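Take these sequences, add in the hints, and give me the full structure.
Each protein sequence line maps, in turn, to chains A and B. Its first residue numbered 32, the first sequence is counted upward by one per residue in the numbering used here. Its first residue numbered 32, the second sequence is counted upward by one per residue in the numbering used here.
The set of hints was computed from the structure by calculation and includes no laboratory data. There are no misleading hints in this set.
A pair holds if it fits inside one copy or across any two, identical chains being indistinguishable in the list.
Once the Cα atoms are required to be at most 20 Å apart in a straight line, the calculated EDC-like pairs of lysine to aspartate or glutamate come out as:
hint: 1; residue 1: LYS54; residue 2: GLU373
hint: 2; residue 1: LYS377; residue 2: GLU60
hint: 3; residue 1: LYS300; residue 2: ASP263
hint: 4; residue 1: LYS109; residue 2: GLU128
hint: 5; residue 1: LYS67; residue 2: GLU373
hint: 6; residue 1: LYS245; residue 2: GLU496
hint: 7; residue 1: LYS67; residue 2: ASP171
hint: 8; residue 1: LYS377; residue 2: ASP44
hint: 9; residue 1: LYS51; residue 2: ASP368
hint: 10; residue 1: LYS259; residue 2: GLU299
hint: 11; residue 1: LYS377; residue 2: GLU66
hint: 12; residue 1: LYS300; residue 2: ASP44
Just so it is clear, the structure is predicted and the values come from calculations on it, not from any experiment.
Number of protein chains: 2
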Amino acid sequence: MSSTPRLRSLNIDNINPHVKTAKYAVRGELAVRAEKYRQALTSDKPATPDSDNEGRSKLPFESVISANIGNPQQLDQKPITFFRQVTSLLENPLLLEKPQILIDHLGYHQDVIDRAQWLLSELNSVGAYSVSQGVPGVRDSVARFIEKRDGHPADPASIYLTAGASAGVNTLLHVICAGPQTGVLVPIPQYPLYTATLALLNARCVPYELDESKGWGTDLETIKASLKKGRDDGADVRAMVVINPGNPTGASLTSEEIESVIAFAADEKLVLLADEVYQTNIFEGTFTSFKKALRDLQQKDGERYKNVELASLHSVSKGMVGECGQRGGYMELIGFDPQVVEQIYKFVSIGLCPPVIGQCIVECMVNPPAEGSPSYPLYRKEYDTIFNGLRDRADALYKAFQDMEGVKCQKPTGSMYLFPTIELPEKATQAAKDEGKGVDEFYVSKMLDATGVCMVPGSGFGQKENTFHFRTTFLPPGTDWVDRLRKFHGEFVQEFR
Amino acid sequence: MSSTPRLRSLNIDNINPHVKTAKYAVRGELAVRAEKYRQALTSDKPATPDSDNEGRSKLPFESVISANIGNPQQLDQKPITFFRQVTSLLENPLLLEKPQILIDHLGYHQDVIDRAQWLLSELNSVGAYSVSQGVPGVRDSVARFIEKRDGHPADPASIYLTAGASAGVNTLLHVICAGPQTGVLVPIPQYPLYTATLALLNARCVPYELDESKGWGTDLETIKASLKKGRDDGADVRAMVVINPGNPTGASLTSEEIESVIAFAADEKLVLLADEVYQTNIFEGTFTSFKKALRDLQQKDGERYKNVELASLHSVSKGMVGECGQRGGYMELIGFDPQVVEQIYKFVSIGLCPPVIGQCIVECMVNPPAEGSPSYPLYRKEYDTIFNGLRDRADALYKAFQDMEGVKCQKPTGSMYLFPTIELPEKATQAAKDEGKGVDEFYVSKMLDATGVCMVPGSGFGQKENTFHFRTTFLPPGTDWVDRLRKFHGEFVQEFR
Numbered sequence: 032m033s034s035t036p037r038l039r040s041l042n043i044d045n046i047n048p049h050v051k052t053a054k055y056a057v058r059g060e061l062a063v064r065a066e067k068y069r070q071a072l073t074s075d076k077p078a079t080p081d082s083d084n085e086g087r088s089k090l091p092f093e094s095v096i097s098a099n100i101g102n103p104q105q106l107d108q109k110p111i112t113f114f115r116q117v118t119s120l121l122e123n124p125l126l127l128e129k130p131q132i133l134i135d136h137l138g139y140h141q142d143v144i145d146r147a148q149w150l151l152s153e154l155n156s157v158g159a160y161s162v163s164q165g166v167p168g169v170r171d172s173v174a175r176f177i178e179k180r181d182g183h184p185a186d187p188a189s190i191y192l193t194a195g196a197s198a199g200v201n202t203l204l205h206v207i208c209a210g211p212q213t214g215v216l217v218p219i220p221q222y223p224l225y226t227a228t229l230a231l232l233n234a235r236c237v238p239y240e241l242d243e244s245k246g247w248g249t250d251l252e253t254i255k256a257s258l259k260k261g262r263d264d265g266a267d268v269r270a271m272v273v274i275n276p277g278n279p280t281g282a283s284l285t286s287e288e289i290e291s292v293i294a295f296a297a298d299e300k301l302v303l304l305a306d307e308v309y310q311t312n313i314f315e316g317t318f319t320s321f322k323k324a325l326r327d328l329q330q331k332d333g334e335r336y337k338n339v340e341l342a343s344l345h346s347v348s349k350g351m352v353g354e355c356g357q358r359g360g361y362m363e364l365i366g367f368d369p370q371v372v373e374q375i376y377k378f379v380s381i382g383l384c385p386p387v388i389g390q391c392i393v394e395c396m397v398n399p400p401a402e403g404s405p406s407y408p409l410y411r412k413e414y415d416t417i418f419n420g421l422r423d424r425a426d427a428l429y430k431a432f433q434d435m436e437g438v439k440c441q442k443p444t445g446s447m448y449l450f451p452t453i454e455l456p457e458k459a460t461q462a463a464k465d466e467g468k469g470v471d472e473f474y475v476s477k478m479l480d481a482t483g484v485c486m487v488p489g490s491g492f493g494q495k496e497n498t499f500h501f502r503t504t505f506l507p508p509g510t511d512w513v514d515r516l517r518k519f520h521g522e523f524v525q526e527f528r
Numbered sequence: 032m033s034s035t036p037r038l039r040s041l042n043i044d045n046i047n048p049h050v051k052t053a054k055y056a057v058r059g060e061l062a063v064r065a066e067k068y069r070q071a072l073t074s075d076k077p078a079t080p081d082s083d084n085e086g087r088s089k090l091p092f093e094s095v096i097s098a099n100i101g102n103p104q105q106l107d108q109k110p111i112t113f114f115r116q117v118t119s120l121l122e123n124p125l126l127l128e129k130p131q132i133l134i135d136h137l138g139y140h141q142d143v144i145d146r147a148q149w150l151l152s153e154l155n156s157v158g159a160y161s162v163s164q165g166v167p168g169v170r171d172s173v174a175r176f177i178e179k180r181d182g183h184p185a186d187p188a189s190i191y192l193t194a195g196a197s198a199g200v201n202t203l204l205h206v207i208c209a210g211p212q213t214g215v216l217v218p219i220p221q222y223p224l225y226t227a228t229l230a231l232l233n234a235r236c237v238p239y240e241l242d243e244s245k246g247w248g249t250d251l252e253t254i255k256a257s258l259k260k261g262r263d264d265g266a267d268v269r270a271m272v273v274i275n276p277g278n279p280t281g282a283s284l285t286s287e288e289i290e291s292v293i294a295f296a297a298d299e300k301l302v303l304l305a306d307e308v309y310q311t312n313i314f315e316g317t318f319t320s321f322k323k324a325l326r327d328l329q330q331k332d333g334e335r336y337k338n339v340e341l342a343s344l345h346s347v348s349k350g351m352v353g354e355c356g357q358r359g360g361y362m363e364l365i366g367f368d369p370q371v372v373e374q375i376y377k378f379v380s381i382g383l384c385p386p387v388i389g390q391c392i393v394e395c396m397v398n399p400p401a402e403g404s405p406s407y408p409l410y411r412k413e414y415d416t417i418f419n420g421l422r423d424r425a426d427a428l429y430k431a432f433q434d435m436e437g438v439k440c441q442k443p444t445g446s447m448y449l450f451p452t453i454e455l456p457e458k459a460t461q462a463a464k465d466e467g468k469g470v471d472e473f474y475v476s477k478m479l480d481a482t483g484v485c486m487v488p489g490s491g492f493g494q495k496e497n498t499f500h501f502r503t504t505f506l507p508p509g510t511d512w513v514d515r516l517r518k519f520h521g522e523f524v525q526e527f528r
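What follows is the structure, given as structure tokens:
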């Protein structure tokens, strides 16, 4: 009668070590704890917080605020009506048999019906796999959108529809990374998808620091030094990630910064991965795409910029669209070797196809109701309301941070995030150390337990040594949660002074 | 003035070699060629076939038949009305403000409205990311479905919603495969997702042959010998894939076969990956799930079957649902070490979440209208019509193959495929060799060029040495395409006799 349990095949010591190494703080331990709090608050049973809350029998807040992730529709952002009217017809094409009912009673316009009919003619059914690269008609629309945005031609054959930008990044890094020696330049701070995917692929992250003192801009000398260090360390550095507008920083690059990055990539033979998912989340200045800047440079100096490899990524999850859960996006591939493109195609075909309804949301995003069309006025109003709401909330949060002792924050210029620095009392640093945590982690964890507001510590994105930050979205509505933050911060500083 | 083009960073010789090694014939070169033919047939320009068609100015067929992939709604399978009515309301919740219009004019019933309202209360918006494991309420429904199916409890915490079964397989193999020494037993023939993913992960496929003479059943002695050979070759064999009902074989396993596989896995400490996506595509006998069989065995002999690790995969893409493009599915994890489960959770969180509307289709699949509910009669009728249609087409195709010289085919018992053997004249083998192709590849390629019918050669799935097969779905409607096959086959045999 042995009491030793039958051993399992898999244990923490024998599974894929690269999965263990990968870190993804945006949905890490804090997010899981926040989810538990949320469930406790909505369940009928009395709330019992985790034991690290010293057994208090009730949570000290009435709602959980998920400021850890750019998930607009989980908060109060409403979807754009036109998009959802179209997708409702795609999901139930039988509705198209009664257009007059839709128009007379349900708020649909003829342009919605026309769009849905055209999309159905392109894809047959949203329940059918599309070709792996994405529905041809949708790719045509994406190409026209890029042409209009950039003033340069775009080829639908170079567009790959994806299940959000994450899937595009996953594909590109899978093809780029050939082994442990492959290096990819990644900004610090960065969106942790990049370091996580590089860890999974057992490739090297070659970090380059953004310059907080210059509004989180790219400093070419820093990048050059990082590349040199990476190469000196034996890395075959072959690609560079740029996130513009920045995540988590919220910064947007000037066209001069972009051109200097492209020149650098051209001279150093680096594939450029331009993560441009926040391209419409711009509060100051205008967005310049890497594609436009590259084509401009190629017109000036064809020889130098010939064959620059650029992948530009976009998504339906951000901007005023905010359709994260629909998992839609695209990447445009410029200058890649056709044999490499074939391998990219094969790779995506193994996953069959991106969600077809997500592809249709991409189509609506790049081809919204045109001025003068019946759905335009409401579309315009919804778009502007969301845009202004985001800007107002960014400003309000920015102002709140300015009032907090030891907190410094760049003025919001783009994306959905603020990424303030915190300087905390020595006693807090010690208390954090005692718990085996960085002070940013300690602070954000205490914040969650005290206020129900979930943010991500700067360590989740990378930060300059001996600096500490946290990332918050400015998506949650209202000002109550900002007041909670103020109160918490005051008490925290008081406690550890 | 150098005319040497600036070199690119990436070329076919320096990219990830494992991407290059991966093969996925289901969407390979033939599928790409079929797509070209389809575009040529629908475009206004005169059709020009590939150059290997000797410059004929017109294609010798009027439609392309995609029998290469189980994609029911690309052919004529209609979606289940209840499912799509629910998802239309989820996409446009404003419709819920006019329930009477929906009911009086648009064919909706109250149970559709109730379902949509409940799902919205669970997930807020289909445009919001869900938790990475999937919407809790949907996982509850999946657990209840499994309990009802198996007569054993199921825990929603063990359910992971996925973007189709492919995403689940990708997750599991990523965690299981720790390096080039990891081996996974894979049936031959198999669905090539398994070998492709193992190739990407640089892990070893340890093939075990299914027994064509016994209706493509699993032969335990063969499996044992394969495992021994794998281990003798130095592989750390730690998992075993079973596809039931079979793809591409169409076979369904008896409960005795399943129990013997589980006993083998228990004794040899192998994780079982049970690909059960065709569980409702059963024409003969009944479906027994690996989960049920495992729980039954555990009741008989707890010690031997303790901690058996089983992952069971299901999908909305197949069955009578056929919602491939919606990318929905789930996996149930049984017996895994909690620390390993944590790593699985982290891995899926990097991809954020499965498409939310796909998760809702999963909910509808596992929780369809109940008998007595207003939507039940139509649901029942649609379900039965699809089921009977598939069976009739399987039979018709099976009969056609029986008439063809040199073609032998197992009687269809499940899934969506037939996988006949072909024996072709020596001259054909020689002609194939001259083109650097296997005879199955040669045959299927000629078939596409002559008939527009796209199938997959057996080599895409693996086949016993010196045997040749092809896989066809029996999804395409009508009998015209079957007549085209008969005619082609006769002419082919004639030409190469």
